[in-house]
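Protein chains in written order, with the working numbering: chain A, -17 to 226; chain B, 7 to 64; chain C, 40 to 238; chain D, 4 to 225.
Don't read these hints as lab results, they were simulated from the structure. Glycine is no exception: its CB is placed at the ideal position from the N, C-alpha and C atoms. Each hint should be verified, as a subset may be incorrect.
Covered stretches of chain D (chain C as the covering partner; in silico rule of three or more C-beta atoms under 8 Å from a C-beta of chain C) [what the hints assert, rightly or not]: (1) 11 to 18; (2) 113 to 122.
In silico SDA-like pairs for lysine to any residue, Cα to Cα no more than 20 Å straight-line [stated by the list, open to error]: (3) B/Lys49 - A/Ser(-3); (4) B/Lys37 - A/Ser(-3); (5) B/Lys49 - C/Asn151; (6) B/Lys49 - A/Arg210; (7) A/Lys95 - B/Lys37.
Chain by chain, the residues run as shown.
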Amino acid sequence: MFDYYANPARFMKLSGVLLPWVSGLTVILFAVGLYWGLFIAPADYQQGETVRIMFIHVPAAWMATFVYGYIAFASAVSLIFKHPLADVAAKSAAPIGAAFAFLALMTGMIWGKPMWGAWWVWDARLTSVLVLFLLYMGYMALWQMIEEPIQAGRAAAILGLVGAINIPIIKFSVDWWNTLHQPASIVKGGGPAIHSSILVPLLIMIGAYMVLFTALILAAMRAEILRRRVRNMRLAQAEGGYHG
Amino acid sequence: MGKYAYFIWAAYGVSALVLIGLTFYIWSDLKRQARLLRRLQDKGTPKRPSARAMDNAP
Amino acid sequence: MRLVAENLECVRGGRRVFSSLSFTCAAGEGLLLTGPNGSGKSSLLRLIAGLVQMRSGRLGLEGGDDERSIGQHTHYAGHLDALKTALTAYENLEFWAALYGGDPDAALEGFNLSHLSDIPAGFLSAGQKRRLGLARLFLGQRPLWLLDEPSVSLDTASREILGAIMKAHMAAGGLLIAATHVTLGVEFSRELKLGGRAA
Amino acid sequence: MNSFWAILRRDIRLAMRQGGGGGMAVGFFLIVVSILPLGVGPDLNLLARIAPGLLWVALLLSVLLSLDRIFHADYEDGTLDLLATGPLSLTLVVIAKMLAHWITTGLPLVIAAPVLGVLLNLDTQAFLPLMLTMLAGTPALNFLGAIGAALTLGVRRGGLLISLLVLPLYVPVLIFGVGAVNAVLVGPSPFGSPFMILLAITLVSAVISPIAAAAAIRLNLD
């Protein structure tokens, strides 16, 4: 069984080494991906230039779900192995995942406007991302409400798992709800058979977002570990406060 | 860029804003926690046993 | 300044807590409230502070500032410490200093809490919270002190401090009414037994 | 007078530190507005027509949700006892707390409302009137709500009881709030008249509720 206060020192050392490299890689990938997507890739015959928004919408939507999966995995590890680093990982990932979900919604709306004339259309995919965004809000609020980190970690782990189990159910019900109501909008272009000239920059951009996530999660976990250490020291200061 | 240029730049602008903002938020939080920790350590406060284990467990 | 009470009657939750209770407390005097639990000690203190309405009787503070109610002349320290766990020790006292006047640092110093000034109150132990609550007594000039079991969860060192400031308050011409089983080395001028028929 | 600002500042600081102040209320506002179309259906024209009503009802419920935070914390840790014997009369204390609560929950809701209007395909023409009516209406919601909060201080499951006490009081604010917004969109009557009545309701409640809430608190301190 892991010693309950597993050794974050090793993680701190490791993340300290990794962080600069990962950040460098993020910058490179973004440079290549953006240049390729904005200037080299051809415009879509149907949507014209606006298809370029796909290069930041699809990665954001993908990351929103990926990060929640990451939180669910970390929650499972935290509950089964009682590993406190898993709590730290899950807590640090939530704001990043929420930001990606928010971006997916924003870029989705901006992409949709020229097509459907309305900023927000209750399209199945956008609605599921919206519900996912609400899940993130609830998850982060739960972390904030409970004072003691270990207890908060356990509660958040349970919510994380329950949320993850519900995501496919939500996805299915929203899709069903969408077809039921015969949406006024045409189905967005860019189906699975994307032409390779667009697919490659898209994959690069997804890679860039993944590496960015890695850099952000490492930094956020370091901050969270320090925050817990500060808290412990303050408690120690209060407890050891009988001198004088 | 065609007549939809405005939308494209809006989308990229929002993405840049949020991603850079997020990076800055996490980076400044890291700096703040480090500063708080240094200030507490300078005060030479006794570490709680469990906190000490947090640092040099096997 | 003199606090005069005649035939006070107090009913709380349909139960007559005490009736026809009379006493006086002049400047520099200390009134010790004794009696079993539930005999109305807390109710009497809250009644004087104006938190509890009396059914009948008269309560007057001669020599006080007439525009302000009796309650606004008092420092009331009840069972609860009135601390915000999210605020640090200093911020808690800084707030009360804004209301009562006085200097938060001196108040922290008074109860040996200066080294805890920027620790959130939620992190403090029960004894430290109690001391932080009582540190309010150092703030502002409130002539009438109403203390309800002030020494609960205090250690010996803090009890000496509490006894000392109570004596200093009385020496400076303040009025003190306290419900406590531990006299903290304070010579009370008079004792008021509650619980049985009015003494 | 600086004790009035001291109470106001402390309450705002507390709200910011614990649970992100209006964060919870805005979160609830977002969730309610998001799930309504899931029930009503994604038809944009329908949504556009009922958007003002939905937004206002969601606002009402969001304010209702955060009401028990106004006095309850201070009641439980003994601060209210001291505030009652403090230099400031209880009515002024109550006004300070209501104002702080409005700033930390009312204002964020008003700012979030137009953003959520996009979800309901609200006509852009109605964005400004929506914000104006909510800016005028939310103080009334907070003031009236504070009376409910003060009355239910001693009650164990006060949250539920507050909604029963306070929602009827909210009806006029809702009617004239939505009426003013619809006046711009559809409106037989001009925007002005319902808006003026809404302002009147707010002013009246600003006068009555501190006195009523203070009396209710004094009752519950006993």
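Structure-based check of all given hints:
| no. | hint | in the structure |
| --- | --- | --- |
| 1 | 11 to 18 | holds (count 3) |
| 2 | 113 to 122 | violated (count 0) |
| 3 | B/Lys49 - A/Ser(-3) | violated, 27 Å |
| 4 | B/Lys37 - A/Ser(-3) | holds, 15 Å |
| 5 | B/Lys49 - C/Asn151 | holds, 17 Å |
| 6 | B/Lys49 - A/Arg210 | holds, 18 Å |
| 7 | A/Lys95 - B/Lys37 | violated, 40 Å |
When the structure is compared with the earlier hints, violations turn up for hints 2, 3 and 7 and for no others.
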